[in-house]
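Colleague: Given the structure of chain A, go ahead and fit chain B onto it with the hints provided.
Chains A and B, in that order, are what the protein sequence lines are. Residue numbering for the first sequence follows my numbering, beginning at 1 and increasing consecutively. Residue numbering for the second sequence follows my numbering, beginning at 658 and increasing consecutively.
Mixed in with the good hints there might be a few duds.
Unchecked claim - A few chain A residues facing chain B, derived, Cβ under 10 Å: (1) Y332; (2) I359; (3) A379; (4) I395; (5) F519; (6) D520; (7) S521.
Keep in mind that the hints were calculated from the coordinates and are not lab data. Just so it is clear, CB atoms sit at the ideal spot from N, CA and C, and this is done for glycine as well.
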Amino acid sequence: MIPVIGGLALNLALGLSIITIILLSFHLRTGDNRLYLSGQRAALAVSLVSFFATFVLAQLLLSSNFDVDYVAHYTSLETPTIYKLTALWAGQAGSLLFWLFILSIYGVVAILQNRRSQQKLMPWIMIVIATVQLFFLILVNFVSNPFVPTDADFILANGLGLNPLLQNATMVIHPPLLYLGYVGFTIPFAFSIAAMAQQEMNALWIKTIRTWILFVWLMLGIGIILGGWWAYQELGWGGYWAWDPVENASFMPWLTGTALLHSIMIQEKRNMLKVWNMTLIIITFTLCIFGTFLTRSGIMSSVHSFSASSVGPIFLGFVFLILIVSFSLLFYRRAFLYSGKRIESFSSRESGFLFNNVIFVVMCFAVFWGTLFPVISEAIRGTKITVGAPFFDQINIPIGLLLLLLTGVGPLLVWRRTSKQCAIRNFTIPVTVGLVTALILFLLKMRGYVLISFSLSSFVLTTIIIEFAKGIRSRMRSQHENMLIAFWRLMRKNRSRYGGYIVHIGIVLMFVGFTGHAFDSEKEFGLKVGEKEHLNNYQFELLRISEQERPNHYAWIADLRLQDSEGKTITILQPEKRIYFFRSPDPDRRQPHSELDIYNFLNSDIYSIFNGIDTDKGVAYFKIMINPLVSWVWIGGYIFVLGTLISLYPSRKETVI
Amino acid sequence: MESKNKFYFAITIIALVVVFWIWYASTNPNSEQALVTFLSVEELIDDGFSDRVRLGGVVEDGSIQVDENNYMTCQFELKEGDYLLPVEYTGVRPDLFKDGAEIIIEGIYRDGVFKADILQTKCASKYEGDLRDANNYNLGEVSI
Chain A
1 MIPVIGGLAL NLALGLSIIT IILLSFHLRT GDNRLYLSGQ RAALAVSLVS
51 FFATFVLAQL LLSSNFDVDY VAHYTSLETP TIYKLTALWA GQAGSLLFWL
101 FILSIYGVVA ILQNRRSQQK LMPWIMIVIA TVQLFFLILV NFVSNPFVPT
151 DADFILANGL GLNPLLQNAT MVIHPPLLYL GYVGFTIPFA FSIAAMAQQE
201 MNALWIKTIR TWILFVWLML GIGIILGGWW AYQELGWGGY WAWDPVENAS
251 FMPWLTGTAL LHSIMIQEKR NMLKVWNMTL IIITFTLCIF GTFLTRSGIM
301 SSVHSFSASS VGPIFLGFVF LILIVSFSLL FYRRAFLYSG KRIESFSSRE
351 SGFLFNNVIF VVMCFAVFWG TLFPVISEAI RGTKITVGAP FFDQINIPIG
401 LLLLLLTGVG PLLVWRRTSK QCAIRNFTIP VTVGLVTALI LFLLKMRGYV
451 LISFSLSSFV LTTIIIEFAK GIRSRMRSQH ENMLIAFWRL MRKNRSRYGG
501 YIVHIGIVLM FVGFTGHAFD SEKEFGLKVG EKEHLNNYQF ELLRISEQER
551 PNHYAWIADL RLQDSEGKTI TILQPEKRIY FFRSPDPDRR QPHSELDIYN
601 FLNSDIYSIF NGIDTDKGVA YFKIMINPLV SWVWIGGYIF VLGTLISLYP
651 SRKETVI
Chain B
658 MESKNKFYFA ITIIALVVVF WIWYASTNPN SEQALVTFLS VEELIDDGFS
708 DRVRLGGVVE DGSIQVDENN YMTCQFELKE GDYLLPVEYT GVRPDLFKDG
758 AEIIIEGIYR DGVFKADILQ TKCASKYEGD LRDANNYNLG EVSI
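Next comes chain A alone, as it looks inside the complex (with noise of 0.2 Å):
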């Protein structure tokens, strides 16, 4: 009986959401108020229904009701709890539903916030953001949907389980942040739509749409970080990220993010450059949409496409659509966006802005190029070519460069014009701090993008940290604060900035988290208890091995001892080795996993896996890395995070205009 509830409730809202299209579009076209606050009502009820549905569906999986396919295929009786939950969003049906249900939390939010203060673009946003509901809700009605009824002549007694890899702590919050990013590009997309179709942009939409933006974001950014972190821990190839085509899918529209960012600055200082904000928001959304057909359309096989598919078709046209209806709406109102205004000089911080945004964007078609590699490649000669780690990196690692040097040279710029006198006194001393980096790091015999790296990074940090002195300085003479209280008021005073300065700091310490990449090292071996191992200064002896059974798998556990090169014990290692369903007759169904252990240094990571055991011989087999300066990235990763809680906070001389 409840799934079919569960059905009903997405018929009604496919129904309530086309109701909405209708009545508003009506609205536009009379102006009669009742037709709007009807349109508004049904506005909200897709979104009520969107919610109701998704609650069915996740009190199915924790009720572990067997006669619902995707509860089936995606849990059984032993998977925890809080994995029945997840299983909302492991597969593909339950994920397309997942979407829809942020989309109507981020619908809801928007409508309500909104609906006094942007009542002429209200109804346009409401059409738009209806619009993609329908479009998701089209697919769990007709394509993938989550409560089809199980379709077996025999009675099931337990499902299929959650895979194991999915199975991590991470996986629970992962999943939810990258669509809680992805999923919200739809909102500043509906403001831009419907401030292009009314003629209508000021400041307080620019404001609006600048919170969203940096929101949805950091979402987006915290979910990319999260799924490298769930990678480094759970997958056993000892890295973070893979340029994997779904690990590009999230990346592309971070990117296009990261521009919009900036340059939607310039839009609220100096009210230029909208026509490109607008094609930067049309192609981060479109991207969204593009990321999540990556993901689900199967049409690359990666480990992400824990499905393949019909809806990529479906995904493909919506994309189209998106991109033919929102550049003809901006092709139809270019006047209306032209500004008239023009970047006085090359050396302003408009251009130092343009030229990040550049940058950015062509990043962003370097990645999609090499994501599509494959599929052109197939198109155009015939034989697929397949694109790997090393080919991202190679057209990558200098256009990373280039935007970490600019992230040092855009915050010295002066908005308009740079004088020369400033310009040399702002670059001075970062400048001579970067050539000394990169001379002593030249005498420690460090070549290549490593030295580039490093140096950029002291650049760019000694430029912070001079902003940050500027300031605190300027309040201690002209206030006569101390220093804690002036650097306290100077971050309360322009959150936005200093907060970008914090997230700019993060990014450095990623980077340099990243350069350690070029010193990894590692090391197979098999080992019988009592003997010993070497990998650079450390040394790992097999103390013992020993077994336990655990509710849903068999696990054989290392005793690995890690010692420095004076013999000095660190720390114990215990990867593991896991057999889940062991129980199961069926030899098919009980599948290995291996449970790495890490052990984290400031300066690198002691990484280990338990290959397998012969116990014919008793020897078990591990693999070691060492990865040098892998923390940095998570601890830029927070500082990241940090900067843009900052930023995001409403500063009070904001609400007070």
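Modeller: What follows is chain B alone, placed relative to chain A:
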């Protein structure tokens, strides 16, 4: 030149340089693992490619043999369509590597044996599989 034009000129140059760079990297990869041709087993056997290639297929049932002297090396047969290819692989075997697993391998074909150094399993195929598979087992045996 007017500053506006100068500006657009600079942006165009940058964009062109980067596009050229992407094109250059696409035609001159700096690593043999950057761009690898994906073939079918049939094409490989018939045409005798000597470059590094990537293949997809299924592990033939009962063909996996772990080397007696080196646990990290194993031999197996890759099946695609009607073709069987002997493969030798050295390295970490993924958790899902077993009879009937869908896999992707990368390496060089020499003297009738494909020497692979990359082996990836297609994830989770069992987890989108036939429900009948799961339900043949008796719940009584599972201790929770």
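Colleague: If you test the structure against every hint from before, which numbers come out violated?
Modeller: 1, 3, 5, 6 and 7
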